[in-house]
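A.B. asks: Each chain is listed here by its residues.
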Amino acid sequence: QKEVEQNSGPLSVPEGAIASLNCTYSDRGSQSFFWYRQYSGKSPELIMSIYSNGDKEDGRFTAQLNKASQYVSLLIRDSQPSDSATYLCAVQKAAGNKLTFGGGTRVLVKP
Amino acid sequence: DTAVSQTPKYLVTQMGNDKSIKCEQNLGHDTMYWYKQDSKKFLKIMFSYNNKELIINETVPNRFSPKSPDKAHLNLHINSLELGDSAVYFCASSRTGELFFGEGSRLTVL
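Keeping their order, the protein sequence lines are chains A and B. Residue numbering for the first sequence follows this note's numbering, beginning at 1 and increasing consecutively. Residue numbering for the second sequence follows this note's numbering, beginning at 1 and increasing consecutively.
Note that these hints are calculated values from the structure, not bench results. Hints are supplied without guarantee of correctness; some may be wrong.
[To be verified] Within a straight-line C-alpha distance of at most 30 Å, the following computed BS3-like cross-link-like pairs (lysine-lysine) qualify:
hint	chain 1	residue 1	chain 2	residue 2
1	B	K41	A	K42
2	A	K42	B	K40
3	A	K42	B	K52
4	B	K36	A	K42
5	B	K22	A	K42
6	B	K71	A	K93
7	B	K36	A	K67
8	B	K71	A	K42
9	B	K52	A	K93
10	B	K22	A	K93
11	B	K71	B	K52
12	A	K2	B	K40
13	A	K42	B	K9
14	B	K44	A	K2
15	B	K44	A	K42
16	B	K44	A	K67
17	A	K93	B	K36
[To be verified] If we take Cβ atoms under 10 Å as the criterion, some of the chain B residues that face chain A in the derived model are:
hint	residue
18	V4
19	K40
20	F42
21	L43
22	K44
23	I45
24	S48
25	F90
26	A92
27	E98
28	L99
29	F100
30	G102
31	R106
[Stated by the list, open to error] Label-pair ranges, simulated between beta-carbon atoms:
hint	chain 1	residue 1	chain 2	residue 2	range
32	B	V60	A	N22	26 to 32 Å
33	A	D55	B	K44	25 to 31 Å
34	A	Q31	B	K44	17 to 23 Å
35	B	T7	A	Q1	36 to 42 Å
36	A	K2	B	T96	24 to 30 Å
The beta carbon of each residue, even a glycine, is placed where N, CA and C say it ideally should be.
All chains should be built: construct the whole structure from the sequences, respecting the hints.
C.D. replies: Structure representation (structure tokens):
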């Protein structure tokens, strides 16, 4: 079992719809969770971080964490073509420890 | 001003050669990393330094040797390059776990 798993996609959504991305992790001791966006040929950039169970909203993005189910998700509301990218989930066991990344979910937003 | 910068951006070389990648960050972070992203886009940690001290060394061949002259710089030297070393190498820095990545160095071994 991989430490951090994501559906590779592509996840195709029409413009204006909600894109829902899922991520599961294997280490129950994980404490910090991050979503990164990576455009083709570019470096990953941080979108959201979440540390406690529940929802965290930032603009059109909402991160959801459920530690009991070892599950973290990202919702993108009102999806735009500029949201087309690969979204990477990353998990950290404790402060100062390495981030372990999932394989990423490719999202395609069609006008 | 670029927060995390790495050079060169592209390297094309023959098998068996040696190459180096340099990284500098001006964010004042204590921790720097090297990550490798392969053709399947899987991003995997290689090394981490905290204040010039090596703290993470993932099962990486000893042909790869990182060096941190100070906490703002982290270089990567690769000896005897192999075809499987072809990838994009990302430098990153962090303070609290949120990583800031450089633009990446695409290494192609022929």
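A.B. asks: Evaluate each hint against the coordinates.
C.D. replies: Hint check:
Taken as a hint, the B:K41 and A:K42 pair is honoured in the structure, with Cα atoms around 11 Å apart against an allowance of 30 Å. At roughly 15 Å between alpha-carbon atoms, A:K42 and B:K40 fall within 30 Å of each other, so this suggested pair holds. Restraint check for A:K42 and B:K52: satisfied, since their Cα atoms lie roughly 27 Å apart, inside the 30 Å limit. For the given pair, B:K36 sits about 14 Å from A:K42 by alpha-carbon distance, which is consistent with the 30 Å threshold.
A hinted pair counts as satisfied when its Cα atoms are at most 30 Å apart, and B:K22 with A:K42 qualifies at roughly 18 Å. A hinted pair counts as satisfied when its Cα atoms are at most 30 Å apart, and B:K71 with A:K93 qualifies at roughly 23 Å. A distance of roughly 28 Å separates the Cα atoms of B:K36 and A:K67; the hinted pair therefore holds under the 30 Å criterion. Taken as a hint, the B:K71 and A:K42 pair is honoured in the structure, with Cα atoms around 25 Å apart against an allowance of 30 Å.
Restraint check for B:K52 and A:K93: the C-alpha separation of about 22 Å stays at or below 30 Å, so the hint holds. Our distance criterion of 30 Å between C-alpha atoms is met by B:K22 and A:K93, whose separation comes to about 28 Å. With a CA separation close to 5 Å, the supplied pair B:K71 and B:K52 stays within the 30 Å bound. Restraint check: the Cα-Cα separation between A:K2 and B:K40 comes to about 15 Å, which is no more than 30 Å; the hinted pair holds.
For the given pair, A:K42 sits about 11 Å from B:K9 by alpha-carbon distance, which is consistent with the 30 Å threshold. Note on B:K44 and A:K2: the hinted pairing holds, with a Cα-Cα distance of about 12 Å set against a maximum of 30 Å. A C-alpha spacing of about 16 Å is found between B:K44 and A:K42, which places the hinted pair at or below 30 Å, so the restraint holds. With a C-alpha separation of about 23 Å, the suggested pair B:K44 and A:K67 falls inside the 30 Å cut-off, and the hint holds.
A hinted pair counts as satisfied when its Cα atoms are at most 30 Å apart, and A:K93 with B:K36 qualifies at roughly 20 Å. Hint on B:V4 holds. Least Cβ distance to chain A is approximately 8 Å, under the 10 Å limit. At about 7 Å, the closest approach between the beta carbon of B:K40 and any beta carbon in chain A falls short of 10 Å, and the interface hint on this residue holds. With a cut of 10 Å, the hint placing B:F42 at the interface with chain A holds, because the nearest CB-to-CB distance is about 5 Å.
Below 10 Å, beta-carbon pairs count as interface contacts, and B:L43 has one with chain A at about 4 Å; its hint therefore holds. For the restraint placing B:K44 at the interface with chain A, the shortest Cβ-Cβ distance is roughly 7 Å, inside the 10 Å limit, so the hint holds. Restraint check, B:I45 versus chain A: the minimum CB separation of about 5 Å is within 10 Å; hint holds. The beta carbon of B:S48 comes within 6 Å of a beta carbon in chain A, closer than 10 Å, and the hint placing it at the interface holds.
With a least beta-carbon distance of about 6 Å to chain A, the hint placing B:F90 at the interface is held under the 10 Å criterion. Interface hint status for B:A92: upheld, as the beta-carbon distance to the closest one in chain A is roughly 8 Å, under 10 Å. With a cut of 10 Å, the hint placing B:E98 at the interface with chain A holds, because the nearest CB-to-CB distance is about 5 Å. Taken as an interface hint, B:L99 checks out: its beta carbon lies about 6 Å from the nearest beta carbon of chain A, inside 10 Å.
The interface hint given for B:F100 holds, since its Cβ lies 7 Å from the closest Cβ of chain A, which is under the 10 Å cut-off. Of the supplied interface hints, the one on B:G102 holds, with its beta-carbon coming within about 6 Å of a beta-carbon of chain A, less than 10 Å. Interface hint at B:R106: satisfied, since its Cβ lies 9 Å from the closest Cβ of chain A, which is below the 10 Å cut-off. Distance hint check: the CB atoms of B:V60 and A:N22 are about 30 Å apart, consistent with the given range 26 to 32 Å.
A C-beta distance of roughly 30 Å is found between A:D55 and B:K44, which places it inside the suggested range of 25 to 31 Å. For A:Q31 and B:K44, the hinted distance range of 17 to 23 Å is satisfied, since their beta carbons lie about 21 Å from each other. Between B:T7 and A:Q1 the C-beta distance comes to about 38 Å, which sits within the given range of 36 to 42 Å. The given range of 24 to 30 Å is respected by A:K2 and B:T96, whose C-beta atoms sit roughly 25 Å from each other.
The structure meets every hint from the earlier list without exception.
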